[in-house]
Every structure is written in C-alpha cells, then in structure tokens.
Amino acid sequence: MKKILRTSETHPLTWWLNEKKDVVWIQEYKKNGGYLAFEKALKTIKPVDIISIVKESGLKGRGGAGFPTGIKWSLMPQKSNFDVRYLLCNADEMEPGTYKDKFLMEKIPHQLIEGILISSLALNVSKSYIFLRCEYIQAEHILKKAIFEATKFGYIGNNVLKSGLNFEIVLHSGAGRYICGEETALISSLEGNRANPKYKPPFPAHVGAWGKPTCINNVETLSNIPSIILHGTKWYKNLSKSIDSGTKMMGFSGKVKNPGLWELPFGITAREILEDYAGGMNSGLNLKAWQPGGASTELLTFKHIDLPMNFSTIQHAGSRLGTALAMAIDDTVNIVSLVRNIEEFFSRESCGWCTPCRDGLPWIVSILKSLEMHQGHENDIDLLEELCCQLGPGRTFCAHAPGAVSPLKSAIKYFRSEFECGIRTTSIINI
Amino acid sequence: MLSKEEEIDILKSKNNYEDAQSSSIEALKIVQKNRGWVSKQAICEISKILKIPESNLEEVATFYSQIFRKPIGRNIIRYCDSVVCYMYGCEDIKSCLEDALNIAIGETTQDLRFTLLPICCLGNCDNAPTIMINDNIYSRLNVKRVVELLELYK
Ligand code: SF4
Ligand code: FES
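These protein sequence lines are chains A and Z, in that order.
Just so you know, numbering that gives the first Met the number 0 puts 35 at position 36 of the first sequence, and the rest follows in order with no gaps.
Just so you know, numbering that gives the first Met the number 0 puts 63 at position 64 of the second sequence, and the rest follows in order with no gaps.
Read the hints as simulated data drawn from the structure, not as lab findings.
Glycine is no exception: its CB is placed at the ideal position from the N, C-alpha and C atoms.
One should not assume that every hint holds.
Listed below are several chain Z residues computed to face chain A (Cβ distance under 10 Å; list not exhaustive) [to be verified]:
1) Q40
2) E44
3) I66
4) G122
Isolated chain A (complex conformation) (with noise of 0.2 Å):
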C-alpha cells in the first residue's frame, strides 16, 4: 500500500491531520497556517474578487453533482443593502457508501469553518447554517466545540477582527431523511416543513431559505476554499492529472483489504485507488463490478477499472462520478440481491410527492424479490426496463427517481444472465 507524504503543496484538503489522526483543535489548525486564507481574504480580496478566484479555479461541487462552485455563487444577485441573504452548508451525507464529510467534519471542523467565512466574506452573507445529519453525533459534538472556539478566537460573531462585518454560524441537525440532501429539499426541511422538493425554476440563488437568496454547497466544496485562497488558482489546478482541478477524497469500501478514503488528484485510476490504496480485492475474491460514487451511480465493470476519476471520464463510460467514494463488488455477490437492496433504500426515502416514484419503487423492489427467489414472471425484465424510462430523467419532480433507477438499469445491461436466472421456468400445476 502507498505510503503517504501528506503536505500542504499535494493535499488541502487532510495535510493538517495529525499522526494520531485526533481531531485538529483551533491552536493546532492556526499553528500550521489556519485562519490565514480567511484573515487575508478579509482584509485585501474584495468580495467579487474571492468569487472570481474560485470560478477561475475550476472548483466543482463535491456533492456529487459537479457543478461550478463560483459558477453558482455569481448566480446569486448583487447586494442591495438591506436584504438578507444565507448560506447552507449541506451536510447531511446520507449517501450509502459515503463517508467523506463525516471524516472532514470529525476531524478538521475549522478547515470547514473557515471555507464557510470565506464564502459568506464572497456571498455577503452573515448568517449560514450547517445542516448536518442527525445521526452523525460526532460530528456535531464536534463542530460545536469548534464553533465555540472560532468564536472566542474572534472569527465569528460581531465587528470580526475589527473589520465591521458580523458572521454567524447556526449548527441544525436534521430529523433524518435521504432526500433532506436535495438541495430545495434541504430548504424546506430547514424551514420546518417536511423535505418535499420545491420547482425550480426559482433556484434558490434567487429565492432560497424563507424566500431570500441562498447558496448550498457540500462540506468537501468549503472545504477546500481556504486554501485556494491562500495558494492560489495555479497552484490549484496544478494538483489535478486531468482536466477537473484539485484534490478529491476518493476511496473504496466492499470486500477490499484496506477499505477507506483518501485525498486524490482527480485522473488517478480507479484501479490505482483499488490496488494501491484500498490493497486490492480480499483473497480469493475478484472484482466483479463497482460503483463509482455512491449508490445513485450506475454499475461498472472490471473493463472499466483502468477509468480516471474526473467528472467527464465517468460519464463518458455511462456512470456518474458521484461522491468518488466507491464501492466494489465482488463476484461472489449476486446482482439481482444487491439491486434490491439497493431500491429498498430508495424505496424507503422517496419523499412521496411524486406517483412514479412514490409507487413505481416499491414495484420494482417486488419484482426483485420475487426474480431473487427464482419467482419471476416471464416480463419482469421488460417491466423493470420500462419502470426505469417511467422513472427516469425529467418524469418526475426530483433526482431521487432517475438516481434510483442508474444501478437498476446499468445491472440489466451488463448482468442480464443473472435476472433471467430469476425467472421461473417450471409452470406450476394447480391441484
């Protein structure tokens, strides 16, 4: 396995961790240059500038959706003086097989923290909210604690170093539910509703949380503003081998030897991660298929292994990039038993605003099972085809379904064989 070098001019986002990997507290963090980017962004950079650095360099949305970061903060509108305006920081991963917010959160708080006051300095915003997933106890003890000491250090609260300026910085903890990651989900639920998703148009830069304008971007995104600020585009962009910039945390997790996550130059190969990171597949075990991020990404195969990991190359091979945190698939699984967990998941966290999703789910999860144990019905296959096109893209209010439905139509393509098998071939005889 590789050992790693971790320093500030190869890894933002994890050089600050420690060897005991402890959490990183507010002295060490400024000990090794923390708060910097935010006290020069403050004091030399003016707001549409930090906007511009971040559009020029290429920082993509780490949610799992991609989109330029300083694209999607110039959407928001020019400040008049008295509106209100918030920043969201989503996170509420809940996205099975995916870890990467949590280890940021739990172990460098204030790296967030101060992406966050950056970006509220660009966005003139001075009230953001953490939403964080509930289960993730930790982590909120955690950022608590952190918020705690970046107040008493003076970077949050009124008149911040003596710059007139006053950020707040509000910890919510959700209830628990999938879809609360949605973006206009995520706006409802934090203003005490049930997470329904909202139509866009308006998008939220316009009217967001309590009608105001609103920016949401993911732990990972915030995570790595400090320093862009403090090292600059080029640098930035130079840290990648492909044409998506920066660092991303990658990583695998199935029946590998040393599942985990890693921060990676996008480009590297899933096969690099797999074999030199994660130590490759358990003994005696082969890799039969993986996703690449998360369980909303369709399924790829072995021949797919040698793929980088950037934006475009995924999509070109038919899958999404997703979370980057990936998950093999051995050959001991069985395709159609995975899919079905895989939809029950779905099934359960459809937010019920929609019929296709809110029924078409639980029927393709019936028609799973019964293809697991050998019942199926002699059109299950084009069934479950025609629910995927039913669910797909544009046919619904949200990408809950169209995600739900990636893995399911990516297991008939390359697994066919295997949901035949599911199929009854013996009539039965009623006595």
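Here the structure of chain A is known, so what remains is to put chain Z with the ligands in place on it, guided by the hints.
Just chain Z with the ligands now, kept in the frame of chain A:
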C-alpha cells in the same frame, strides 16, 4: 405537561430562524430527548408555545424517521441496512437481533429494554457492518459480537 426548561429551550431555538415554523423540528427533538417520544399532548403544547397549527407539527413529526410517535425502549438499536453493510452480511445481523430480542423491525421489547430500527448508511462503510446503539457506533460486527453487545445495555 412540558417542563419550564423544555419551554425555554423551545423558545430559544426560535432565535436561530426567521420564523417559528422553522424551529418545529428542533422543538420535537427537545421533547423527544426528554421523554423518548412525542405524544399527541406534546404536539398540542408545542403548537401553543410556537403559535403554529398542530397539523403543521403532525406533518413534520410523521415525515422524519428519527421522530418517534410511540413509546420506545430505553435503548434504540439502529442497524445499517445500506449497500456496503449489506455486502458484509447486515441481513444476518438483523435476523440475529430479531431472534435475540424476539421482536421484528420497528418493534419494542415487552420489557421496554430495546427498540429495533433500520437506518441508512451511517458513514462507517469502511468498517462495515455497522450498528448504532443509542449514541454509540459499533464496527466490523459479527453475529456473536452482536449478542455480547446487547448485554451491555440494561
Ligand atoms: S422523485 Fe421521489 S423524492 Fe423526488 S420529489 Fe418525487 S417522490 Fe419525492
Ligand atoms: S453502508 Fe452501512 S455504514 Fe455505510
């Protein structure tokens, strides 16, 4: 009756948001933290404190998976049933828990010692399979260990 402290905490949570409705989830959680679950009576009282309709609170309370509308056990076991834990045998862990406690998913043992619930990915996939008992996460479990763990919770 909600206690004075609960009322103060609920009112305090209002300051974090633009309106009272937004603190509804926090209010439900404050009550649940003290009482284990949220009764009809509690909803009625929160509605008076926040001055929002009871139906708004009902709607939220029934939507989110971590708000409980029935009495629950002293200890809540949440076993992760998402895809990585699935590959590591979470279904065996689930059956083992059901057998050991003699209840099905979503139920509470008669002695009110345990409630058993599924949960989606706890972000501990590199240490699958995972369960959470109250606030504690347990990693790389096997069936034998699960039974031993139960002994720790009275
Ligand atoms: S697609 Fe599903 S999750 Fe999204 S709004 Fe419709 S019912 Fe809700
Ligand atoms: S799938 Fe169980 S912890 Fe992630």
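Here's how the hints hold up against the structure:
no., hint, result
1, Q40, "violated (20 Å)"
2, E44, "violated (17 Å)"
3, I66, "holds (5 Å)"
4, G122, "holds (4 Å)"
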